[in-house]
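J.: Here the protein sequences come in this chain order: R and Z.
Heads up: the first sequence runs through residues 1 to 107, numbered per this note's numbering.
Heads up: the second sequence runs through residues 1 to 882, numbered per this note's numbering.
No lab work stands behind these hints, which were simulated from the structure alone.
Treat each hint with caution, since some may be false.
[To be verified] Examples of chain R residues lying across from chain Z (beta carbon under 8 Å, computed): (1) R21; (2) G23; (3) F24; (4) P33; (5) G35; (6) Y38; (7) P39; (8) T74.
Quick caveat, the model's predicted, so the values are computed rather than measured.
Cβ coordinates follow ideal geometry from the N, Cα and C atoms, glycine included.
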Amino acid sequence: MSIRLTHATAMVLKALAAGYRYGFDIMDATGLPSGTVYPVLRRLDGAELVDAAWEASVDPSEVKRPRRRLYALTAAGRALVPQAEARLGDVARFLPAAEERAAGGEA
Amino acid sequence: MRPFPWRDAALAWVRAVALLVPGERRADWREEWRGEIEAGMGAAAGPGERRRVAIRAVGALSDALYLRGEGTTMEWLRSDVRFALRGLRTRPGFAAVAVGTLALAVGANTALYTVVRGVLLRPLPYEEPDRLVRIESHRPDDPEGGPVSYPNMWDLREQAADVFSGLAVLDEWRPVLTEGDRVEVLHGATVSADFFGVLGVEPAVGRFFGPGEEGEGREPVVVLSHDLWRSRFASDPGVVGRSLELSGTPFTVIGVMGEGFEDPQLHGGSWEDPDVWRTVWFAPGDRARSGRSWSAVARLAPGVGLRGGEARVRTLFEMLAERYPEDNGERTLALVALDETLVGEARPVLLVLLGAVALVLLVACANVASLLLGRAAERRREISVRLALGASRRRIVTQLLVESFLLAALGTVLGVGVALVGLDALVGLAGNALPRARGITLDGGVLLFTVALAGLTPLFFGVAPAVHALRGAGHEGSMDSRTRTPGPSGHRFRRGLVVAELAVSLVLLVGAGLLLRSLGALYDTDLGVDVDQAVVLTLHGSGFWNLEADEAAARWTSVMEATRAVPGVTTVGAIHIPPLSSSFWCDGVYRDDLPPTEGPQPCAEFRATMGDVFPALGMQLVRGRLLAPEDRADAPRAMVVSRAAGRTFWPDGADPVGGSVTLHGESFTVVGMVEDVHPFGPADGARPMVFVPAVQEPWNDTRIGMSLIVRGTGDMEARIPALRAAVASVDPAIPFEDARTLVSYLGESVRANRFRAVLLGAFAGVALLLALVGVAGVMAFSISRRTRELGIRAALGADRRALVGLVVREGASMAVAGGVIGLAGAFLGSRVLASLLFGVTVHDPVVFATLPALLIAAALLACWVPARRASRLDPSDALRLE
Chain R
1 MSIRLTHATA MVLKALAAGY RYGFDIMDAT GLPSGTVYPV LRRLDGAELV DAAWEASVDP
61 SEVKRPRRRL YALTAAGRAL VPQAEARLGD VARFLPAAEE RAAGGEA
Chain Z
1 MRPFPWRDAA LAWVRAVALL VPGERRADWR EEWRGEIEAG MGAAAGPGER RRVAIRAVGA
61 LSDALYLRGE GTTMEWLRSD VRFALRGLRT RPGFAAVAVG TLALAVGANT ALYTVVRGVL
121 LRPLPYEEPD RLVRIESHRP DDPEGGPVSY PNMWDLREQA ADVFSGLAVL DEWRPVLTEG
181 DRVEVLHGAT VSADFFGVLG VEPAVGRFFG PGEEGEGREP VVVLSHDLWR SRFASDPGVV
241 GRSLELSGTP FTVIGVMGEG FEDPQLHGGS WEDPDVWRTV WFAPGDRARS GRSWSAVARL
301 APGVGLRGGE ARVRTLFEML AERYPEDNGE RTLALVALDE TLVGEARPVL LVLLGAVALV
361 LLVACANVAS LLLGRAAERR REISVRLALG ASRRRIVTQL LVESFLLAAL GTVLGVGVAL
421 VGLDALVGLA GNALPRARGI TLDGGVLLFT VALAGLTPLF FGVAPAVHAL RGAGHEGSMD
481 SRTRTPGPSG HRFRRGLVVA ELAVSLVLLV GAGLLLRSLG ALYDTDLGVD VDQAVVLTLH
541 GSGFWNLEAD EAAARWTSVM EATRAVPGVT TVGAIHIPPL SSSFWCDGVY RDDLPPTEGP
601 QPCAEFRATM GDVFPALGMQ LVRGRLLAPE DRADAPRAMV VSRAAGRTFW PDGADPVGGS
661 VTLHGESFTV VGMVEDVHPF GPADGARPMV FVPAVQEPWN DTRIGMSLIV RGTGDMEARI
721 PALRAAVASV DPAIPFEDAR TLVSYLGESV RANRFRAVLL GAFAGVALLL ALVGVAGVMA
781 FSISRRTREL GIRAALGADR RALVGLVVRE GASMAVAGGV IGLAGAFLGS RVLASLLFGV
841 TVHDPVVFAT LPALLIAAAL LACWVPARRA SRLDPSDALR LE
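So that you can see chain R by itself, here it is in the shape it has in the complex (with noise of 0.2 Å):
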């Protein structure tokens, strides 16, 4: 199934092919807001380039909040990532990688 890449869409693909996994956090680092993030996850859901489940490692309980949803990229929606960075062209270049941001990249 075919989708259109639209700006957000590929500013989404790209924040989850690096390594973004949660709705809030890929608002985060595109800057996008939730009404737009939202709707691209589902259709990219719907289109099978991404793959949904919920959070396994958490017990609710424990943490005293629910699940959370995590989001990654199926092999065709990897596939798609290049097309989306040339899409994005230079904004990519500021995106950091999640990695860099767990290790206080950004502060």
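Chain Z: place on chain R using the hints.
T.: Here is chain Z on its own, set in the frame of chain R:
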């Protein structure tokens, strides 16, 4: 201060928005958003960050709406449209009836709404039109406002400067335009110099009249209409400064009226849009204060309201009445908003018609809804199968809606075509019965109205069938043969729709019936003249007014003799205002045997005549004699009066014949009395009338324009060219104002009545036709539903007549129900027509008895066709069908 509970607010919001998410995904969806919000809130360092997380929750709405909309995406729609088109192609009859029904209804509504908008809603094209008023003179015994006199308005213009920022007057002018050999009678107006300034309009070329260009000794100047400028002068701007010979006087063209100017129709009657305007050429003192032939328009000064202005004007006029009791006694003035004088009479008619056409739309919607219901019922099995195969209800409803929408779209496109054709027919039929018709066009606003209509219509008639088709469809086993037919409730709903259609049709039929009976009563009115076999040739006064009195009389005699010699002509006479025209000339008539009385006197419609005008008009003598050739200029003055004039001026019962009365300052002996004549058409009553020989009339004698009344045998209309040639044989320079049959004058005088009767009749006919299609559709469907039952009955020996009776009974019950409801509706609703009826009451027994019977008979006829088909069923076929 307690911090704002951002977390609780965000979670409550998500819970609320979740209701929008399709049920099967709702739980997961809420869980996901809660997870994100709680995670965000947990990580938030302070109220600022918590607020940021809460703001992110707002986007949940977009997410929910996206999920809700998913599934009705373009792809689905495209396949639905394809599917619907295929479905319609396989049922061309159904599609044609549905689309045709809608096209008729949308077209009729669009056309009529266009007219209503153009006539009633479009602002008058003048500067601040709300401030413009017509000034009317009122007699105490006549509620109708009438024309005013020039000297009175001249005085009022000065005295009422605090009420009006401007006051202008206008009178009719019929000039003859002479260009080389070409002679043409134009429509024109004599106005005060500030007429255009009061209206606030601009010229296309040149200028309008200046303050010095009015009154005695003014330079003769004219302003041309845009139409005349285009047709006669090829829109040449160089026309300004040119000289035009109008009725023998050279006028200088000073300007051309702007395009799109709408004449304010102040004058009423047979007034036509002017081709030329000139200014008043005499001093106010030169005209009689009692000569009320003028119309006045004024602009209210800032801060002056209609009622306040009227009160002030009345006070001022009381002073004029005290100063000139002979001319102004017992009269008063009234102010009427200009748009009211223009469209006031058309308003109730148009609103009634708008209501009627809306009812037609309602019937059409019900009809299409009924058709779609029947179709949905037929497709119930298909729908059951699709539901069983996993199609969602939403998907199926969408598909049915797409089909309705497609029908509506096709109907609308066709409907715009119907509207364009209908509009043309409507404006043509209305003629001058419809004010402001010239400016009527299909504009953006009307198109918007049509599109809205087309958008709402499928909602109205598409949703009900769709919901209906689904109800219960899923519960019944798809393989059960009984699901081929709908449940009893669906059929009952359709029957209800058809009953409603019949009822609405009857309401419209009764309305149309009442108007048609009124029209018949108007045509049946004894007018006092015989309108058949007569033509009216109106000759312009300029052919006579420059002659000596005896020359003019001789010329009229020659003209009458020449026309009398045309083959087929039997009788010829002349009269200065023909009957059934809207022109009037009411003059004071005073009995010589009574002392002069104070105050205003009743007036009589005065007519100057020549030749055999009474037999030419078919008027009947009551007593005495008619005017004759021996009533020469030098003979004793003779007069013929109508019965109404006898009643009015001899209320004591004395015989008018032999009496003596003064008219135009001379004494006349009454030599005869004729039956009453309706001078202004059947809707207007008989008026007191007096007839004198033109040669004896002291003011104008025969040096005026008159109408030849020519009676003959055979097709008189076809003789008009020969008659014109006969007049031209006397002098080719005598200009014609008009030449047409007398019966066409009657047609003009009842044109407004005919317009509304024909239009309401057409709407009622369309509604009836649609309702009958509805009846036939329901009956056909009902029979297909009862095929098995009818087959069993036939197998058990029921004869054909019994089967037909069975089916017709069902139809009859609908027809009677529709008839009863419609009758009640018509009984209550017919009073809105009260002001439009003539000679019939709003509850006319003939109309109320015959039309319901007609409706029921027509409905039974519509049942009969499907019923006959049912009676021909072969029992074995019928049973095998199941």
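J.: Next, verify each hint and record whether it holds.
T.: Checked hints:
1. Among the interface hints, the one on R21 of chain R is violated; its C-beta lies about 12 Å from the nearest C-beta in chain Z, farther than the 8 Å criterion.
2. Nearest Cβ of chain Z to the Cβ of G23 of chain R: about 5 Å, under the 8 Å cut. The hint holds.
3. For F24 of chain R, the interface hint holds, the least distance from its beta-carbon to any beta-carbon of chain Z being 5 Å, beneath 8 Å.
4. Interface hint status for P33 of chain R: upheld, as the beta-carbon distance to the closest one in chain Z is roughly 5 Å, under 8 Å.
5. With a cut of 8 Å, the hint placing G35 of chain R at the interface with chain Z holds, because the nearest CB-to-CB distance is about 3 Å.
6. Interface restraint check: Y38 of chain R against chain Z, minimum CB-CB distance 4 Å, threshold 8 Å, status holds.
7. Hint on P39 of chain R holds. Least Cβ distance to chain Z is approximately 4 Å, under the 8 Å limit.
8. Evaluation of the T74 of chain R hint against chain Z yields a violated restraint, the C-beta minimum of about 19 Å exceeding 8 Å.
The structure does not agree with the numbered hints 1 and 8 stated previously, though it agrees with the rest.
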